[in-house]
Amino acid sequence: MRLVIALPFVWLGVFFLLPFALVLAIALGANAPDSVPPVELGLSPKNFALLFTDDLYLAAWLTSLRIAAVSTLAALLLGYPMAYAIARAAPARRPLLLMLVVLPFWTSFLIRIYAWMGLLDENGLLNQFLRWSGIVADPGTLLGTEWAVHLGIVYAYLPFMVLPLYATLEKLDVSLLEAAADLGARPFAAFLTITLPLSLPGIVAGCLLVFIPAVGEFVIPDLLGGTGTLMIGKVLWDEFFTNGDWPLASAVAICLLVLLAGPIALFQRQQAKGLERRT
Amino acid sequence: MRRARFAFTMLGFGYAFLYLPLGLVMAYSFNDSRLVTVWGGFSTRWWSALLANEAMLQAAWLSLRIALASATAAAVIGLAAGYALARARSFPGRGLFGGLVIAPMVMPEVVMGISMLLLFVGAERLLGGPDRGFLTIALAHTTFSVAFVAIVVQARLADFDRSLEEAAMDLGATPWVTFRTVTLPLIAPAVASGWLLAFTLSLDDLILTQFVAGAQSQTLPMRVYSSVRLGVDPQINVLATIVVVVAAAALVLSGWLTRRSA
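So the protein sequences, as listed, match chains A and B.
If you're matching positions, the first sequence starts at 1 in this note's numbering and goes up one per residue.
If you're matching positions, the second sequence starts at 1 in this note's numbering and goes up one per residue.
By construction, these hints were calculated from the structure, which means they are not laboratory data.
Fair warning: this is a prediction, and the values are worked out from it, not measured in the lab.
Even for Gly, the Cβ is constructed at its ideal location relative to N, Cα and C.
Don't take each hint at face value.
The calculated lysine to aspartate or glutamate pairs, modelled on EDC-like cross-linking and capped at a C-alpha distance of 20 Å, are [as the list claims (entries may be wrong)]:
1) K273/A to D182/A
2) K273/A to D159/B
3) K46/A to D238/A
4) K171/A to D159/B
5) K46/A to D245/A
Some chain B residues well away from chain A (every beta-carbon gap over 10 Å; in silico) [unchecked claim]:
6) T44
7) R45
8) T142
9) D170
Excised from the complex, chain A in its bound form (with noise of 0.2 Å):
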């Protein structure tokens, strides 16, 4: 058993853990662009100074967390239902069901994010459709706006939202809501009184699923997003490879990880809680 235990704890602890020091040693060096690897150790917290007071570090850390709570609602008003009709359906065809939610999250999600490039392109089958059914005779270009890429976190995330969400509802006791309809409840008070509120550890996850990933999402603000939409995982990105400035994406990096730690912990310990209860 101890080597059972030992192997994930050193192999996690080597190539998880220790690079997070790491990390937090290098954002507290300088950029030395002429040395290879581009840093001089030091211990200056200039860089995380800078993105605090630099107003361009400011309003991408405000953007990405605007931009990933808007998608994670906008995920969880189209994934709710969703999962509460698998959940209603007849328990034969819930497997298949849940399966088609599934799958594109088996295929890649760089295509997936790729297919709305060519639909929200300025002539785009999006555009091209809504010309030609007259809906709006000249509509704008989707492809680079923020609202592409609200488009894309929730269309590659809803996976990760439906499956908690219909994992919590299938659960549900159905003669509970026959009770409240017996004492003269209607169906919507009934929802609001029992069904969402059982549902909320499903909710959570799924939020938490959601709103994590989305917030230091770098593919898609770079493909649909456009010179516009600066979030953070895009900045840290272009700090790094464009700018090759280490310190500086590091210091983001640990800023980042920082700022989701709540959520993180708080996801951890649902996830914890509801294994534990199962064993």
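We have chain A already, so just place chain B on it with the hints.
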């Protein structure tokens, strides 16, 4: 029930939302026109173009090899982690251990990417290796896939009848023999689906790979990304079609296998 009707309408809308973009990409992989938004008649020219695209094929081969190696390593480590979480109720550092196992699942990939790169750069300076490429990519993919295998294994062990293990022990089997002859066969489907998940995640990963890959290695997602950045490309439509068909086939197959074994 009106509410249920609303939910089923939303379900239909959700499926349309999920599948319409993929369906259009697949249809346009047979488009004769170079302009990806104009239909120019049926053609398989982009299919032949992709299958003759040496760079793309090489990238695909590298990606497959990395996925195979990292999924297998992640299955072993994830099995150990899931087993420890489900069966070892208390040991020093269990809280940290549980956190470490789950955290990579939700860690933003850019953060993991930069941290692993710094680890490999540090190792290069102190130990002289490993060279960035196949090995570093596989190590990175293994690390973030462990969580997914561990979760599936732990969930399976939590559902499972412990009296079978206890009976084996009562009959004199050592813990190792019990694990090999009782536990492992019962959780094998969970390990297999964890392996498949790890394989898919590795095959698809762009961000982590971009950070830890050296100058020489180009995986499939890296190639796709550099092509897609410049705009829509008919060859990528073909690749998308292949990926969707393979994923659907794999999912149907695994569903069929689980139903047969259940």
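Exercise. List, from low to high, the hint numbers that the structure doesn't satisfy.
Key: 1, 8
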